[in-house]
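Asks: Sequence:
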Amino acid sequence: MSDSQGTAAFNFSQNIDNSTSFGGYIEGSYKSLSDDVYEKAGFTSMEVKVDTLDNFVTEKKITNLKLIKIDVEGAEHKVLEGGRKTLESLKPIILVEIHSVSAMLYVAMILFPLNYELNILEEAQDSRCFISATPK
Numbered sequence: 001m002s003d004s005q006g007t008a009a010f011n012f013s014q015n016i017d018n019s020t021s022f023g024g025y026i027e028g029s030y031k032s033l034s035d036d037v038y039e040k041a042g043f044t045s046m047e048v049k050v051d052t053l054d055n056f057v058t059e060k061k062i063t064n065l066k067l068i069k070i071d072v073e074g075a076e077h078k079v080l081e082g083g084r085k086t087l088e089s090l091k092p093i094i095l096v097e098i099h100s101v102s103a104m105l106y107v108a109m110i111l112f113p114l115n116y117e118l119n120i121l122e123e124a125q126d127s128r129c130f131i132s133a134t135p136k
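Under the UniProt record's numbering, the first residue of the sequence shown is numbered 1, with each subsequent residue one higher.
What the hints contain is simulated information worked out from the structure, not anything from laboratory work. Backbone N, C-alpha and C define an ideal beta-carbon position, used for all residues, glycine too. Please note: incorrect hints may appear among the correct ones.
Unchecked claim - DSS-like, lysine-lysine: derived pairs with alpha carbons at most 25 angstroms apart:
hint	residue 1	residue 2
1	K91	K61
2	K66	K136
3	K60	K85
4	K91	K69
5	K136	K91
6	K49	K85
7	K85	K66
8	K91	K66
9	K49	K69
10	K85	K61
11	K60	K91
12	K49	K61
13	K69	K85
14	K49	K60
15	K69	K136
16	K136	K85
Said to hold, decoys possible - Beta-carbon label-pair distances, calculated as ranges:
hint	residue 1	residue 2	range
17	K69	N115	17 to 23 angstroms
18	I120	E39	28 to 34 angstroms
19	V37	I120	23 to 29 angstroms
20	I93	D36	37 to 43 angstroms
Could you build the full structure based on these sequences and the hints that come with them?
Replies: See below:
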């Protein structure tokens with residue numbers, strides 16, 4: 001999911017740290033590391049198909065959506081931007097892993113005008129946090 005339909009560069013590494021994350025990210029994401037760190041780690045890029053949540057919901061004729069879980073390695077704002085109509089009309093609860101303070105600001109800027117309340121569920125040591133967004 002993203003904020004547009006088409007393709008985007010997906011950057012990834014074959015090296016997986018402790019089998020929990022490989023640090024991949026899509027172009028336009030808020031990355032947790034600098035570009036030179038990704039380059040030294042041997043990240044490569046490939047084009048992947050992307051779609052918006054709004055388009056997906058329309059195509060699949062989804063009329064009831066209770067919960068959305070977002071874990072997209074820094075591209076949270078892109079998923080939310082591409083789902084504004086869905087969030088406004090279906091008002092699902094949203095669970096999000098957020099990767100940086102900047103990303104949190106953009107998430108809040110998208111969700112507050114849609115009348116969502118944000119709550120921190122867990123704070124990780126590496127600047128990530130897990131939030132719930134509940135429609136008021």
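Asks: Any of the earlier hints contradicted here, and which numbers?
Replies: Of the numbered hints given earlier, the structure breaks none, since each of them holds.
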